[in-house]
Structure formats: C-alpha cells, structure tokens
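Trainee: Sequence:
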Amino acid sequence: MAGHCRVCSKWIIPLRCSIPSALGDRRIMAHPWQFYAKVSGACLLLGAGMEGFMIKTGFYDKVTEIEAERLEETREDREAFQKMLRAEIERQAKEKHVQIKLPEA
589 MAGHCRVCSK WIIPLRCSIP SALGDRRIMA HPWQFYAKVS GACLLLGAGM EGFMIKTGFY
649 DKVTEIEAER LEETREDREA FQKMLRAEIE RQAKEKHVQI KLPEA
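Per the numbering used here, the sequence shown runs over residues 589 to 693.
There's no promise every hint is true.
For lysine to any residue, the following SDA-like pairs were computed, each having C-alpha atoms within a straight-line distance of at most 20 Å [as the list claims (entries may be wrong)]:
id	residue 1	residue 2
1	K650	G637
2	K671	P691
3	K682	M672
4	K684	L673
5	K671	L690
6	K671	K689
7	K671	T652
8	K650	T662
9	K682	E692
10	K626	G637
11	K689	F669
12	K650	E661
13	K644	L634
14	K644	L633
15	K689	R674
16	K689	R679
17	K689	E676
18	K671	A681
19	K650	E660
20	K626	M642
21	K671	I688
22	K650	R666
23	K689	L673
24	K644	E660
25	K689	Q670
26	K684	M672
27	K650	F669
If you anchor each label on the Cβ, the simulated ranges turn out as follows [said to hold, decoys possible]:
id	residue 1	residue 2	range
28	H685	V651	30 to 38 Å
29	E653	A675	44 to 52 Å
30	P691	E661	21 to 29 Å
These are computed hints drawn from the structure, not numbers from a lab. Don't be surprised by glycine CBs; every beta carbon is placed ideally from N, CA and C.
The task is simple: from the sequences and hints, build the whole structure.
Mentor: If you want it as structure tokens, here you go:
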C-alpha cells in the first residue's frame, strides 16, 4: 500500500515499524538512493576535512614523535625479552636434541 508522506508530501512505499512515529502511525518513509548518496557524500567531505585539519596542524608529526619516544623508552625491555626468548628456544631445542638455526640478534 503506497501513498504520500504526511510530513513532506512525497510519494512513499511505507514500511511497517513496531515503533510509532511522531504522527502516531506505524509507517516510516522509505528513503530513495539519492538520500543515501547525499549522506555518504556529506560524511566523505566531513572526514576529508578532518584529515586535512590534522595534516595542516601537524597532528601526525606529533603522533609520530610520541610513538618514537615510546618505542625508545621500551627498547631495553624488548631487547631483554628477545634475549630471554632466544635462550628459552635454544634450551628447549637442546633438551629435545634438535638443532635449530636462529637468525642473528
């Protein structure tokens, strides 16, 4: 059963909805594909604007700097973990009488 929307007078194919609308009936407007194209375009422009703002203000440079500092601070911990892991792998290989060739550290 198709008809006109009471709000905007556009021709619609009503869908059944369990939530009553503000008008009191249980029909909601089926949006045409143009509506979704406009929403997608608006979201694209908004996202591009946000990315442009972040590039212009140096956001990514600052994040890269912070990440480099964090990696430098945890460098000793990572190297110690790698040495411990290498020793454990070599111990298990020796225990099982298996020869393995690990890459140079």
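Trainee: Decide, hint by hint, whether the structure agrees.
Mentor: Now for the hints, and whether the structure bears them out:
1. Taking the CA atoms of K650 and G637, the gap is near 19 Å; set against the 20 Å cutoff, the hint holds.
2. For the hint linking K671 to P691, the alpha-carbon distance of about 12 Å falls within 20 Å, and the restraint holds.
3. For the hint pairing K682 with M672, the CA-to-CA distance comes to about 15 Å; that is within 20 Å, so the pair holds.
4. Pair hint K684 plus L673 holds up; C-alpha atoms about 17 Å apart against a cutoff of 20 Å.
5. Proposed proximity of K671 and L690 is supported: the alpha carbons are some 12 Å apart, at most 20 Å.
6. Using a Cα cut-off of 20 Å, the hinted pair K671 and K689 holds, with the two alpha carbons roughly 15 Å apart.
7. The suggested pairing of K671 with T652 is violated, with an alpha-carbon distance near 27 Å, which exceeds 20 Å.
8. About 19 Å separates the Cα atoms of K650 and T662, which keeps this hinted pair within 20 Å; it holds.
9. With a C-alpha separation of about 18 Å, the suggested pair K682 and E692 falls inside the 20 Å cut-off, and the hint holds.
10. At most 20 Å may separate the alpha-carbon atoms for a hinted pair to count; K626 and G637 meet this at roughly 16 Å.
11. Of the pairs offered as hints, the one joining K689 and F669 holds, with about 19 Å between alpha carbons and a cut-off of 20 Å not exceeded.
12. The straight-line distance between the Cα atoms of K650 and E661 is roughly 17 Å, inside the 20 Å bound, and the hint therefore holds.
13. A distance of roughly 15 Å separates the Cα atoms of K644 and L634; the hinted pair therefore holds under the 20 Å criterion.
14. This hinted pair checks out: K644 and L633 have alpha carbons roughly 16 Å apart, not beyond 20 Å.
15. For the suggested pair K689 and R674, the alpha carbons sit about 11 Å apart, so the restraint of at most 20 Å is met.
16. In summary, the hint linking K689 to R679 is supported, as the alpha carbons are separated by about 13 Å, within the 20 Å threshold.
17. Of the pairs offered as hints, the one joining K689 and E676 holds, with about 14 Å between alpha carbons and a cut-off of 20 Å not exceeded.
18. Note on K671 and A681: the hinted pairing holds, with a Cα-Cα distance of about 15 Å set against a maximum of 20 Å.
19. Between K650 and E660 the alpha-carbon distance is near 15 Å, which keeps this suggested pair within the 20 Å criterion.
20. For the hint pairing K626 with M642, the CA-to-CA distance comes to about 24 Å; that exceeds 20 Å, so the pair is violated.
21. Annotation: proposed proximity of K671 to I688 holds, straight-line Cα distance about 16 Å (limit 20 Å).
22. Among the hinted pairs, K650 with R666 is inconsistent with the structure: their alpha-carbon atoms are about 23 Å apart, more than 20 Å.
23. A hinted pair counts as satisfied when its Cα atoms are at most 20 Å apart, and K689 with L673 qualifies at roughly 14 Å.
24. Between K644 and E660 the alpha-carbon distance is near 27 Å, which puts this suggested pair outside the 20 Å criterion.
25. Of the supplied pair hints, the one linking K689 and Q670 holds, its CA atoms being roughly 15 Å apart against a limit of 20 Å.
26. Of the supplied pair hints, the one linking K684 and M672 holds, its CA atoms being roughly 19 Å apart against a limit of 20 Å.
27. Under the criterion of a C-alpha separation no larger than 20 Å, the hint pairing K650 with F669 is inconsistent with the structure, at around 28 Å.
28. Restraint check, H685 to V651: a C-beta distance of roughly 49 Å breaks the suggested window 30 to 38 Å.
29. The beta-carbon spacing between E653 and A675, approximately 34 Å, falls outside the hinted interval of 44 to 52 Å.
30. The beta-carbon spacing between P691 and E661, approximately 25 Å, falls within the hinted interval of 21 to 29 Å.
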